[in-house]
Amino acid sequence: MADLRSNFIGIKSPNPFWLASAPPTDKEYNVRRAYEAGWGGVVWKTLGSEGPPVVNVNGPRYGVIHGADRRVLGINNIELITDRPLEVNLREIKSVKRDYPDRALIISLMVPCDEESWKAILHRIEDTGADGVELNFGCPHGMAERGMGSAVGQVPEYIEMVTRWVKKHSRMPCIVKLTPNITDVRKPAEAAKRGGADAVSLINTINSITSVDLDLFAPQPTIDGKGSHGGYCGPAVKPIALNMVAEIARSAETRGIPISGIGGVTTWRDAAEFMALGAGNVQVCTAAMTYGFKIVQEMISGLADYLDSHQMQLDDLIGRAVPNVTDWQHLNLNYITKAVIDQDLCISCGRCYAACEDTSHQAIAMNPGRVFEVIEEECVACNLCLDVCPVENCITMRELEIGEIDKRTGEPRREYANWTSHPNNPMAAQAAE
Amino acid sequence: MSQARLSPGVVPGRLTPDALAANFTDVAPPLDRHEAQVAADRCYFCHDAPCITACPTGIDIPLFIRQIGTGTPDAAAMTILGANIFGGMCARVCPTENLCEGACVREAAEGRPVEIGALQRYATDHLMAKGAHPFTRAAPTGHRVAVVGAGPAGLACAHRLAMKGIDVTVFEARPKPGGLNEYGIASYKAVDGFAQAEVEWLLKIGGIELRHGHRLGAEITLEELRADYDAVFLGMGLSGVNALGAPGEERMHVLDAVDFIRDLRQASDLTALPVGRDVVVIGGGMTAVDAAVQARLLGAENVTILYRRGQERMAASRHEQEHATASGVRIICNAVPVALHGNGTVAQIECAYTDDSSGALVVTDQRFRLPADQVFRAIGQRLDGTPDELRLTGGKIDVDAVGRSSIPGVWAGGDCALGGDDLTVTAVAEGRDAAEDIVEYLGART
Chain A
1 MADLRSNFIG IKSPNPFWLA SAPPTDKEYN VRRAYEAGWG GVVWKTLGSE
51 GPPVVNVNGP RYGVIHGADR RVLGINNIEL ITDRPLEVNL REIKSVKRDY
101 PDRALIISLM VPCDEESWKA ILHRIEDTGA DGVELNFGCP HGMAERGMGS
151 AVGQVPEYIE MVTRWVKKHS RMPCIVKLTP NITDVRKPAE AAKRGGADAV
201 SLINTINSIT SVDLDLFAPQ PTIDGKGSHG GYCGPAVKPI ALNMVAEIAR
251 SAETRGIPIS GIGGVTTWRD AAEFMALGAG NVQVCTAAMT YGFKIVQEMI
301 SGLADYLDSH QMQLDDLIGR AVPNVTDWQH LNLNYITKAV IDQDLCISCG
351 RCYAACEDTS HQAIAMNPGR VFEVIEEECV ACNLCLDVCP VENCITMREL
401 EIGEIDKRTG EPRREYANWT SHPNNPMAAQ AAE
Chain B
1 MSQARLSPGV VPGRLTPDAL AANFTDVAPP LDRHEAQVAA DRCYFCHDAP
51 CITACPTGID IPLFIRQIGT GTPDAAAMTI LGANIFGGMC ARVCPTENLC
101 EGACVREAAE GRPVEIGALQ RYATDHLMAK GAHPFTRAAP TGHRVAVVGA
151 GPAGLACAHR LAMKGIDVTV FEARPKPGGL NEYGIASYKA VDGFAQAEVE
201 WLLKIGGIEL RHGHRLGAEI TLEELRADYD AVFLGMGLSG VNALGAPGEE
251 RMHVLDAVDF IRDLRQASDL TALPVGRDVV VIGGGMTAVD AAVQARLLGA
301 ENVTILYRRG QERMAASRHE QEHATASGVR IICNAVPVAL HGNGTVAQIE
351 CAYTDDSSGA LVVTDQRFRL PADQVFRAIG QRLDGTPDEL RLTGGKIDVD
401 AVGRSSIPGV WAGGDCALGG DDLTVTAVAE GRDAAEDIVE YLGART
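As they're listed, the protein sequences go chains A and B. Just so you know, full-length UniProt numbering puts 311 at position 311 of the first sequence, and the rest follows in order with no gaps. Just so you know, full-length UniProt numbering puts 391 at position 391 of the second sequence, and the rest follows in order with no gaps.
Check each hint, because a few of them may be wrong.
As the list claims (entries may be wrong) - Facing chain A, a subset of chain B residues (Cβ under 7 Å, in silico):
no., residue
1, 38
2, 48
3, 108
Claimed, not checked - Pulled a few chain A residues facing chain B out of the computed Cβ check, cut under 8 Å:
no., residue
4, 69
5, 147
6, 347
7, 348
8, 349
9, 350
10, 351
11, 353
12, 368
13, 391
14, 413
15, 426
What the hints assert, rightly or not - Okay, the calculated beta carbon distance ranges per label pair:
no., chain 1, residue 1, chain 2, residue 2, range
16, A, 213, B, 228, 39 to 49 Å
17, A, 91, B, 41, 41 to 51 Å
18, B, 267, A, 223, 53 to 63 Å
19, A, 70, B, 400, 43 to 53 Å
20, B, 393, A, 409, 57 to 67 Å
21, A, 223, B, 35, 28 to 38 Å
22, B, 191, A, 213, 48 to 58 Å
Think of the hints as simulated: they come from the structure by calculation, not from any bench. Keep in mind it's a predicted model, so treat the numbers as computed, not measured. Ideal Cβ positions, reconstructed from N, Cα and C, are used throughout, including at glycine.
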């Protein structure tokens, strides 16, 4: 079985699966159970400054998006950072770390945006034995209204400033957790790097209203008839998170900074995808909140199985897909495929036809007997038929050979060429002059 | 075990009241809300869906399932009932495995179709539970139409005519409306008086007068109806039962399966309903299965269906056949009764094996006997008592695609008319379509 031991910015854990800073990591009881279940590491739920802890609402903290059979696709929350006294958290962290020295334990922090506050909290956590800190610059609800969380994460200068304070007042490895509620995730990542961060973790939750109660006319979750935007997470946000991780992994300015991937990791496969796009490890929350801590066992066996079957080490996987993430302008415009429908697998539902006929390129014919066939003369290879087909592998895309005639254009398939040199590109024309 | 259970002859009370109650509960319990959501989610919303084509009433099945899935079961019910006013009963009695569910692409894909029948029931039950009738009548046209028979065909026709502003009088021979929905369907398929509740709900549209105790050719004649009404729709079903043509058929306890089913449906106390210990049902259709299964459920020890051809030719669907065998009914194929023995009361049935491998049915010399203290005929029904001037084909009223008979101004549909599969759902379709044609006919005439 593949060796899943992970070394992330010097923090060792028996596997690359950490629990993200969130309700599952709010106290000793949960964290012990998580470690017993097999989690490689835990980012303890965000601690605030000394003094009276924050308070949470006493109504619903979560909203949910369900798929079929009430499968949880996304959760939105309006819970704040830990609402337990700082001393209690510190005592518990110390106790847990002492009993689980081989597991990673990171402390998430969020204090007001002044150097004294950061210096004070860093001092308080010094002797807990924790392996590092994660700066919560991502939380988009509640705390942001008080100038913390994503309010900091949305201003690269603040990220840089606070990260500098943290590096100045602590020797602990420092992970900066980024908010996705920005226009270009590379900017805060660059700021973190400038500030001396050892790593970034992303994404935190996305500003969201899960749903609207159509009788109360109030957003959900609803607190006494009102609702406030929350932070969205779970499988639904994974595509957004993957892109942001990839952007940081491939940007010239941020390339090489370690990334802890977060956002909808539910299975080993999700984790492997994050890692292929450059994440050194992953953090999980919603899947654990949906199914409990035991899911890590599937993640461990699945990732090991995958690595074994591909004869890879964990390090071989990290960043392996990054070189293949490129800009649109570099995509091969002479790469031509055509949809092919396997008539033996086809169950004649006609969804490909409806999708293509109504919304796309009229490239599927509905023949007598509900036989659906691709009209290659019209097929632009958009893939929509394949996407909506309920039968796996019933519709596939066939790549044309170099020189083979594309029946749509009547032209043969040519060698690689992209937009930068395309005759329709005015910029290309200038470049050629 | 009660003493009566093994009593020879046709006796009541073979099972305890509790056992009977359990045996005759809903054969397919309704889906709850979550089950309906999960079932609805399996629908692929096919383009030009095969299930719609397979439904004789052409219900837009993917649409109503999507409406259930999005939490609007009443809208789903309107989609169903707009095409089939008996959508509630059809959800219970349609051989869906041969119709919509048989055509479902998920049947082709994985042998497990979307549960269309159960979903249809979920939606229609939801709407009907509110009690109100959801359709309204158009402005009165002043026309009057007579409908003969208050079964699925007649009432579907009457409802559609009423919707179009026509006043309808329905003449029914039996004391209750509903036709085979009330009298001819196994009890466990439509429990809790659903057939009557559905008719009551249907009649709430208004403009439909129901007259019981009127049999065509007795209390009323076609001639009179034609004289008194602007159009006539005949939907009286089949009243005669085909005979076995075997010696001994006159012996006691040789009965028509339809009468047994009717008595069961109308019985207020199942413990008082007698049934044989060794029951033989002759026939291969739904009536045979309904009679056989219910004889078992009443406590008959041995129930045998005797069918003259191979099992693949049985009119009862595969699902029905499996329901029968799972209920402990033995199905003997390729066998016919040749004599019924007994001393006044039937005691044995003598059968002969048949051979239809050449296509023609050949009765062989190989014979066997079964103990039989009760025998049910279920080899089809025939049309009785139609006026001579009405042209018949194959023993049924000859009609065109929209139900017009050989007599101008007279339409027919349901089991008494040519075509269809003698199913509730085809009767509904024929009644509805005839109504539409009558509306057109009356409109053109005025």
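Against the structure, the hints:
1. Given hint, residue 38 (chain B) at the interface with chain A, holds; its Cβ is 5 Å from that chain's nearest Cβ, closer than 7 Å.
2. Restraint check, residue 48 (chain B) versus chain A: the minimum CB separation of about 6 Å is within 7 Å; hint holds.
3. Nearest Cβ of chain A to the Cβ of residue 108 (chain B): about 5 Å, under the 7 Å cut. The hint holds.
4. The interface hint given for residue 69 (chain A) is met, as the beta carbon of that residue sits about 5 Å from the closest beta carbon of chain B, less than 8 Å.
5. Below 8 Å, beta-carbon pairs count as interface contacts, and residue 147 (chain A) has none with chain B, the closest being about 41 Å; its hint is therefore violated.
6. For residue 347 (chain A), the suggested interface contact is upheld, since its CB lies about 4 Å from the closest CB of chain B, less than 8 Å.
7. Here the hint on residue 348 (chain A) is kept, as its CB sits about 6 Å from the closest CB of chain B, short of 8 Å.
8. Look at residue 349 (chain A): its Cβ gets to within about 4 Å of chain B, closer than 8 Å, so that hint holds up.
9. Against a cut-off of 8 Å between C-beta atoms, the interface hint on residue 350 (chain A) holds, since the closest Cβ of chain B lies about 3 Å away.
10. Because the smallest distance between the Cβ of residue 351 (chain A) and any Cβ of chain B comes to about 6 Å, under 8 Å, the interface hint for this residue holds.
11. Below 8 Å, beta-carbon pairs count as interface contacts, and residue 353 (chain A) has one with chain B at about 5 Å; its hint therefore holds.
12. Below 8 Å, beta-carbon pairs count as interface contacts, and residue 368 (chain A) has none with chain B, the closest being about 12 Å; its hint is therefore violated.
13. Look at residue 391 (chain A): its Cβ gets to within about 6 Å of chain B, closer than 8 Å, so that hint holds up.
14. Proximity of residue 413 (chain A) to chain B is violated relative to the hint, the smallest CB-CB distance being about 31 Å (cut-off 8 Å).
15. Evaluation of the residue 426 (chain A) hint against chain B yields a violated restraint, the C-beta minimum of about 41 Å exceeding 8 Å.
16. Checked against the given bound of 39 to 49 Å, the beta carbons of residue 213 (chain A) and residue 228 (chain B), roughly 58 Å apart, lie outside it.
17. Judged by the Cβ atoms, the range 41 to 51 Å given for residue 91 (chain A) and residue 41 (chain B) holds: they are separated by roughly 48 Å.
18. Take residue 267 (chain B) and residue 223 (chain A): their Cβ atoms lie about 58 Å apart, and the range 53 to 63 Å holds.
19. In this structure the supplied range 43 to 53 Å holds for residue 70 (chain A) paired with residue 400 (chain B), their Cβ-Cβ distance being about 51 Å.
20. At about 60 Å, the CB distance of residue 393 (chain B) to residue 409 (chain A) agrees with the hint of 57 to 67 Å.
21. Here the CB-CB span from residue 223 (chain A) to residue 35 (chain B) is close to 32 Å, well matched to the stated 28 to 38 Å.
22. The hinted window of 48 to 58 Å between residue 191 (chain B) and residue 213 (chain A) is violated, with their beta carbons roughly 37 Å apart.
Checked against the numbered hints above, the structure violates hints 5, 12, 14, 15, 16, 22; every other hint is satisfied.
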